[in-house]
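One letter stands for each residue in the lines below.
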Amino acid sequence: GESVGLHLPTLSVQEGDNSIINCAYSNSASDYFIWYKQESGKGPQFIIDIRSNMDKRQGQRVTVLLNKTVKHLSLQIAATQPGDSAVYFCAERTGTASKLTFGTGTRLQVTL
Amino acid sequence: KAGVTQTPRYLIKTRGQQVTLSCSPISGHRSVSWYQQTPGQGLQFLFEYFSETQRNKGNFPGRFSGRQFSNSRSEMNVSTLELGDSALYLCASSPPWGGEAFFGQGTRLTVV
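Chains as they are written, first to last, in this note's numbering: chain H, 1 to 112; chain S, 1 to 112.
Hints in this document: simulated from the structure, not taken from any laboratory. Quick reminder that beta carbons are idealized off the backbone N, C-alpha and C, glycines included. Hints are supplied without guarantee of correctness; some may be wrong.
[Claimed, not checked] Which bits of chain S does chain H cover? Going by a derived footprint, with three or more residues having C-beta under 8 Å, they are:
| # | region |
| --- | --- |
| 1 | 20-30 |
| 2 | 45-51 |
| 3 | 98-112 |
[To be verified] Straight-line Cα separation of at most 25 Å, DSS-like style, residue types lysine-lysine; simulated pairs:
| # | chain 1 | residue 1 | chain 2 | residue 2 |
| --- | --- | --- | --- | --- |
| 4 | S | Lys13 | H | Lys56 |
| 5 | H | Lys99 | S | Lys57 |
| 6 | H | Lys56 | H | Lys99 |
Using the sequences and the accompanying hints, generate a full structural model.
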């Protein structure tokens, strides 16, 4: 498959454990944040988003936490499954502009 | 509902040639953005088109250009290809009210 990042930080977790992926963003004016999952050979796939007026949002097995004070975003995946193995990117956006600024990505490896 | 469609999936070009990539957004989406993804630089914003007008532009040389048609389909062109242009080129479309960007599978361009 295609490589999306040869030198990405890697998080290795056992199947069934919880995963926490962190992201530091740069623009204090950013008001919308998204987590994407990218599997080999595919484009980024939307996981969950959060607006700056919130500090937590939950989806199915995923939770995003936003700490605007330290400009930090995290993605928590509960009961991690082999199908969760992928590269995860955070992205930020400011105002109504469509331009997304992406983080460097984290590779999640799920071991059996 | 069909997703974002990019063609072709793979391309091999020679240095100095030019290339055109195509993107069909999700029906009803008028915003189309292009990104370049490389192992070294990650995901970088190229430009965004909305209603046939370039609304935002990233920090890429003028060899990279794009356009959008009245049906919201978009093309990007790279002229005088360089080896460093080898990358996965991703297109994303967004709904009129903003919200998350939906990505296509990408076009893998290899310049030899």
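Query raised in the report: Which numbered hints are broken by the structure, listed smallest first?
Result: 1, 4
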